[in-house]
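Protein chains: 2
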Amino acid sequence: MPNFLKKRAFLTPERTAVYYQEQTITFGELYQRSYQVAGQLEGIGVQKGQYVGVLLKNNLDTVVILFALQLLGVHSVILNNRLAPAELVWQLKDSKVASLLLDDSLSDTRAFINRQLPSLCTVTKGDLLTGITCEPDIQEEICLSEVCTIMYTSGTTGNPKGVIQTYGNHWWSSVGSALNLGFIEGDCWLCNVPLFHISGFSILMRSVIYGMPIVLHDHFDAEDTINDIHDKKVTIMSVVGTALRRIVDALQDRRLPDHFRCMLLGGGPAPLPLLQACVEKEIPVFQTYGMTESSSQIVTLAPEYSLSKLGSAGKPLFTSQVQIIAEDGSQAPSGVPGEIVVKGPNVTPGYLFLPEVTEEKFQNGWFHTGDMGYLDEEGFLYVLDRRSDLIISGGENIYPAEIEAVLLAHPDVAEAGVTGLVNDEWGQVPIAFIIKKAGTNPSSEELEQFCKEQLGKYKVPKAFYFMEELPRNASKKLLRRELRKWVDQ
Amino acid sequence: MPNFLKKRAFLTPERTAVYYQEQTITFGELYQRSYQVAGQLEGIGVQKGQYVGVLLKNNLDTVVILFALQLLGVHSVILNNRLAPAELVWQLKDSKVASLLLDDSLSDTRAFINRQLPSLCTVTKGDLLTGITCEPDIQEEICLSEVCTIMYTSGTTGNPKGVIQTYGNHWWSSVGSALNLGFIEGDCWLCNVPLFHISGFSILMRSVIYGMPIVLHDHFDAEDTINDIHDKKVTIMSVVGTALRRIVDALQDRRLPDHFRCMLLGGGPAPLPLLQACVEKEIPVFQTYGMTESSSQIVTLAPEYSLSKLGSAGKPLFTSQVQIIAEDGSQAPSGVPGEIVVKGPNVTPGYLFLPEVTEEKFQNGWFHTGDMGYLDEEGFLYVLDRRSDLIISGGENIYPAEIEAVLLAHPDVAEAGVTGLVNDEWGQVPIAFIIKKAGTNPSSEELEQFCKEQLGKYKVPKAFYFMEELPRNASKKLLRRELRKWVDQ
Chain D
14 MPNFLKKRAF LTPERTAVYY QEQTITFGEL YQRSYQVAGQ LEGIGVQKGQ
64 YVGVLLKNNL DTVVILFALQ LLGVHSVILN NRLAPAELVW QLKDSKVASL
114 LLDDSLSDTR AFINRQLPSL CTVTKGDLLT GITCEPDIQE EICLSEVCTI
164 MYTSGTTGNP KGVIQTYGNH WWSSVGSALN LGFIEGDCWL CNVPLFHISG
214 FSILMRSVIY GMPIVLHDHF DAEDTINDIH DKKVTIMSVV GTALRRIVDA
264 LQDRRLPDHF RCMLLGGGPA PLPLLQACVE KEIPVFQTYG MTESSSQIVT
314 LAPEYSLSKL GSAGKPLFTS QVQIIAEDGS QAPSGVPGEI VVKGPNVTPG
364 YLFLPEVTEE KFQNGWFHTG DMGYLDEEGF LYVLDRRSDL IISGGENIYP
414 AEIEAVLLAH PDVAEAGVTG LVNDEWGQVP IAFIIKKAGT NPSSEELEQF
464 CKEQLGKYKV PKAFYFMEEL PRNASKKLLR RELRKWVDQ
Chain F
14 MPNFLKKRAF LTPERTAVYY QEQTITFGEL YQRSYQVAGQ LEGIGVQKGQ
64 YVGVLLKNNL DTVVILFALQ LLGVHSVILN NRLAPAELVW QLKDSKVASL
114 LLDDSLSDTR AFINRQLPSL CTVTKGDLLT GITCEPDIQE EICLSEVCTI
164 MYTSGTTGNP KGVIQTYGNH WWSSVGSALN LGFIEGDCWL CNVPLFHISG
214 FSILMRSVIY GMPIVLHDHF DAEDTINDIH DKKVTIMSVV GTALRRIVDA
264 LQDRRLPDHF RCMLLGGGPA PLPLLQACVE KEIPVFQTYG MTESSSQIVT
314 LAPEYSLSKL GSAGKPLFTS QVQIIAEDGS QAPSGVPGEI VVKGPNVTPG
364 YLFLPEVTEE KFQNGWFHTG DMGYLDEEGF LYVLDRRSDL IISGGENIYP
414 AEIEAVLLAH PDVAEAGVTG LVNDEWGQVP IAFIIKKAGT NPSSEELEQF
464 CKEQLGKYKV PKAFYFMEEL PRNASKKLLR RELRKWVDQ
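Those sequence lines, one after another, are chains D and F. Going by the working numbering, the letters in the first sequence line up with residues 14 to 502, in that order. Going by the working numbering, the letters in the second sequence line up with residues 14 to 502, in that order.
For the record, the hints were derived by calculation from the structure and aren't laboratory data. Computed from a prediction, not measured in an experiment: that's the story for all the values here.
The list treats identical chains as interchangeable, and a pair is accepted whether it falls inside one copy or across any two copies.
In silico lysine-lysine, DSSO-like type, Cα no more than 30 Å apart, as pairs:
#1 246 - 294
#2 498 - 470
#3 322 - 245
#4 246 - 70
#5 109 - 61
Bound conformation, chain D alone (with noise of 0.2 Å):
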């Protein structure tokens, strides 16, 4: 197979590669400028084969990064911004990355990781664009079965776990998604969720092997994303119901441009009321199920579906396949809930360094998601619930358990338990209960200021509830469902 962004270039030089605030870059531009960063890159010593740390924004010199790191065959170790420092040291060191590109914004960061890894090389973006460069010895082909990128997804054990994506898995998500949504030229995919996530970094992906270019923002703005959709004729977009919500707010009586056709909604279960609400103001809305171990969208519901089917993610993408696993193992009949498994060319190949979590998770070639749902009779796959105690808020995975193990740290703590709040905003918030150790007394506010200290502000409780006990099981594990429970009433 040929390097993406080389043929690329080579076959439609001309076309728009990426609208980024004023800037406009073609394919040619991107493939040029991707090669002399990839000569900076080597001048200061990225080597093809190496796991790269990439912690950067959302803007063209990201993308322009992110390729040249392909150009060389790096594995790009692609870190979400909104972490703590700490979080980041902890994945820095998992992934053993040789070295760590940072925007010039986090100098904080950068200080407290210098700190915490001193044999760790970190270049800032500043240093990188303006560094010495050289012919870079780029790959001229690339194997689908190469490692591209690795992006960290937490679960229900607490640490959080390198998914690998080779080039393959997201080749095919490409084409699964082409063959599901169509592709055609005039196609514009605006990217305003972020590129170190699978959903933005996918429409990269997309942009290059389609020839399509991509309108990036560096943040959500409902406003700005409606006046896009209009002025760089955009057709396609990637939202979380959050997002989606504001959009269909702030449009009040207006309505989306005809050209634009689809609406991929990602991120969770879309509510009831928004999805009438974009019916009645004929947003085309392709509900989606997908995680980072399946490179983006897996499962998608096309619009003429979207209220005979309300509440299904839809069926799988042509070269996927989604099954039904029943608490005996067995494949449960239509209409019978149990634990969703996925299987296709777009999916993971496994977990960085963990050959015992990977071969726990797939089994005969299935991937077990953790996730439970069911099928209908015709095929339909329904998510009842996304991975046992999973809280999302605004389109981001938080795992309870990995709040609990800071809380458990902090030394007046004695048991923590962390669940969801249903939110308006952001669909959900983790909210906390918390047994205090005898004879001590943490106030609210201390245990707030000890949290954001190890964790990404979106992961801080919302709220923290003192008790004298937590519903646990005969085995003394915590029933997180009871947690939810006590917040439902």
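Since chain D is already given, all that's left is putting chain F on it; use the hints.
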């Protein structure tokens, strides 16, 4: 990978798959009918892994049978129904088919084949479709490296060779085409080229992979084509130059509707006046270069370049590569002609039962097409000459050596040389130059009749010229290029 048709029928059972005359069939129905026919095929002893000959015409039953064979995992040897019975017998023997399915109207052909190959089981379509059925053992999953189809192509050596086309070849061809031409809901592909050619068969494969309806015609008729483009909302069609010429003529002052977005023109270079006429009539022509060995188009020229890059076949598909090899075996610089070599997952793994020929035609993974051409500075391919002496007549490839071999078998012919004469209707037609054996005096009519018995009608020379001498080089090899010069004068 899931079975293509089964997966498509699961994903979009209600969508129209094929319009044929007054009939319409959905993907759900196409799967059900193919499933039933798969049972009937098993009833006559057809099994997975067998080679089975298919000699059918363009109609709905043929579509069903071709997919039924795929459901069973049979290698379909798809035969050209324009060939003479003697040619068919040769291919049936060469491919070691276990049985032959053929159209009821071909009773003379069947009788001839039965006489020549008495042990071969021949079954008419009528008998097959009225036969007993059983629950077939269908292939739920397919492997991309498995053989799907065999199509015969002749060569300069005279004997036709069976080109192996895997499921992967067809898959990547479809995906490459979608990434190149785009694909969107509402697309509809008109097929009035033969299903026994890769040009037609590839439309069938795209139909199930994209979930796109096709309009199938049993023969080419310009007025029917124009009517169906309007009535059935056809957006794309595949044509050869002859057919496009007739459509342009038949249109007169009319225009094709706006929804029609792509006229995919293959089967040899298009004459300039035709392309200009298409520009005038606003027909979006995509010129292509491809062959049976590349499972249809491998290089395509977008219409924005149709005049600025006049005469070019365009650039390769995303996953494919093209190079020009000079006589000394090195890669030719841009502008310098040489042999066109191609590479990509749509390119055949080789020729059936011909490992030596396969090895000779493939070098370092590159397939040597035998066609001459060059690449310009921007990488656009210009095809100078199809495989040395190839004659292209109405989209059918004719190899002079094959016709010469037949003529040389006539008792009165001492030497024979065949070349193509430019023809307004067909592009080219074959003509023959003959040296009679001493003491004999065969007539043109006699030779024509002799050819008709052994060659498809389109291969029979349209004129016979009796000469004293044929142009040969020092080693007495026939110089067909010199013959062509006689014709061009």
